[in-house]
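Engineer: Modelling step: build the complete structure from the supplied sequences, incorporating the hints.
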Amino acid sequence: MSRIWIPLRYGLILLPALAGLYIQPIERYGVYTFLVLLFLSAAVLSRHITSLPVMAAGVLLEILIAGWMCREYGLLMAFISMSSVCVYFTFSPAVLRYLLFGIHAAVLNTAFWEQEKLWLVCGNLLLMMMAVFISILHDASGRRENTLKLYDELRSKHYQLEEARSRLQQFAHQVEGAAQAEERTRISRQLHDDIGHRLIRVKMMMEAAIHTVPGDQERGMQLLHQIRDQLADSMEEMRLAVKRMHPGRPIADAHSLDRLLEQIQQETGIRTTLQVKGLPYPLYPSQQVVLFKNAREAITNAIRHGDASEVSVLLIYEEHEMCMEVSNNGKTALREQTSTGGLDSEQPYAGESGFPPRQGLGLSGMLERTRLIGGTLNVRGYAPFTVITKLPVYRKSEIM
1 MSRIWIPLRY GLILLPALAG LYIQPIERYG VYTFLVLLFL SAAVLSRHIT SLPVMAAGVL
61 LEILIAGWMC REYGLLMAFI SMSSVCVYFT FSPAVLRYLL FGIHAAVLNT AFWEQEKLWL
121 VCGNLLLMMM AVFISILHDA SGRRENTLKL YDELRSKHYQ LEEARSRLQQ FAHQVEGAAQ
181 AEERTRISRQ LHDDIGHRLI RVKMMMEAAI HTVPGDQERG MQLLHQIRDQ LADSMEEMRL
241 AVKRMHPGRP IADAHSLDRL LEQIQQETGI RTTLQVKGLP YPLYPSQQVV LFKNAREAIT
301 NAIRHGDASE VSVLLIYEEH EMCMEVSNNG KTALREQTST GGLDSEQPYA GESGFPPRQG
361 LGLSGMLERT RLIGGTLNVR GYAPFTVITK LPVYRKSEIM
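Residue numbers (the UniProt record's numbering): 1 to 400.
Careful: at least some of the hints might be erroneous.
[Unchecked claim] Heads up, simulated DSSO-like pairs for lysine-lysine below, C-alpha to C-alpha not over 30 angstroms straight-line:
#1 Lys-331 - Lys-293
#2 Lys-331 - Lys-390
#3 Lys-277 - Lys-293
#4 Lys-331 - Lys-277
#5 Lys-277 - Lys-390
#6 Lys-293 - Lys-390
Please keep in mind that the hints were generated in silico from the structure rather than gathered at the bench.
Structural biologist: Put into C-alpha cells, the structure is as follows:
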C-alpha cells in the first residue's frame, strides 16, 4: 500500500473508535478495545505483506471484524469498515476489487439489516462514496507516479544529450585542430613552392645583374628594380604566411569577417562593407572556416582581376541555411552559373573581352571547400559581380 493511504486508513480506524467511547453506550469496554486493536493489528500487518492472496484474505478478515462491530456498536463503526476500501480498491485485478466490494456490501447490509432503515441506507451510501473517492485517488496517484517516471526518463535523456553535446564539442575542437594543422601544412608548402622558387629566381636575376651592370648600366638598373620588387613581394607573402600560422587564436577570432574586411581596407584602400540579415546564430568551426576562406578568395580575385574599388559582404541567416554573398564593382562580368554541387565547369562563361576564362585554382578551392561540408557555390555574373556561398546549418534545438 502506498504511503499516501496510511494517514487516511489509520484515521478511519482510530477516530471513530475514540468517538465511539463517548457517543455509543458500550457495556463491555474490554471486548470493544480488543476488536479495535485486532482490526488495527490487521491493518498494520497488511503493510508488510506483498502476496496478493494473503492481502485479500487479510482484507476479508477486516471486513468481517468491521461488520461484527457495526452490528454491535452502531453506524459509527461503519467508518472503521471503510478503511478496508483503501486497501482492496488498489488491487490491480479489477475482478478482485469488485468481488471484495460485493462481499463488503453484503456484510455491511447484513450488519445493519435489523437496525433502522436509515442506518442501512447511510451505510450503503457511505460505502459507495468511499469506493468512488478511493478510485479517484488511486487513479490520481497512478498518474502522479507515471509523471514522476516520465520526469526521471526525461532527466536521464537530458543527461545523455548533455554528454553527447560535450562529445560533439570535443569533436569540433579536434576538427578545428586538424583544420589548423592542414592550414599550416599548406602554408609550409606555399613557403617552399612560391617563396622558395621566387628567391631562386631573384638569385639568378642578381647574378645576371652583376654581369650586366658593368657593360649596360640601364639594363642592369632595370634588373635591380625587378629584384627589389620580387623581394618586396616575397617579404609580404612571408609576413602573411607567418601571420596565418600564429597559434592560440580562437577559431571565431581567426576567421572573423569584419576583421578581414577591416584589414583589406587598411592594406588596399578599397571600400568594404558588411551587412547581416536575420538573427545571427553560432556556426560550427568548419562552417566559419569555409565562409572566411571563400570571402577572402572572392575579395582577392575582385582586387587582382577585376580592379574593384568597392567590396560588400552580405550574411543571411535563415532557419535551415546560411548564405554569404560577396559582391564587387569590378570589371569582370560573368553570367550566373548554378548547379546542385556548385559551379558547372563544363558550361562556358564569357568575360568582358568575350573569351571564356578558365576556372582558376581560387574558384576551384572555394568550390571544393563548400562541397566538402554539403554546401553550394554560385556565381552571379551581372553587376555587381557576386560569389554566393550557401551552407546547410543544424541548430542546437534540432539536435537536442
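Engineer: With reference to the structure, classify each hint as holding or not holding.
Structural biologist: Against the structure, the hints come out as follows:
Taking the CA atoms of Lys-331 and Lys-293, the gap is near 22 angstroms; set against the 30 angstroms cutoff, the hint holds. Distance check on the hinted pair: Lys-331 and Lys-390 sit about 24 angstroms apart at the alpha-carbon level, within 30 angstroms; holds. Distance hint between Lys-277 and Lys-293 is fulfilled; the C-alpha atoms sit about 20 angstroms from each other, no more than 30 angstroms. Our distance criterion of 30 angstroms between C-alpha atoms is met by Lys-331 and Lys-277, whose separation comes to about 27 angstroms.
Taking the CA atoms of Lys-277 and Lys-390, the gap is near 14 angstroms; set against the 30 angstroms cutoff, the hint holds. Of the pairs offered as hints, the one joining Lys-293 and Lys-390 holds, with about 14 angstroms between alpha carbons and a cut-off of 30 angstroms not exceeded.
Of the hints listed earlier, there is not a single one the structure fails to meet.
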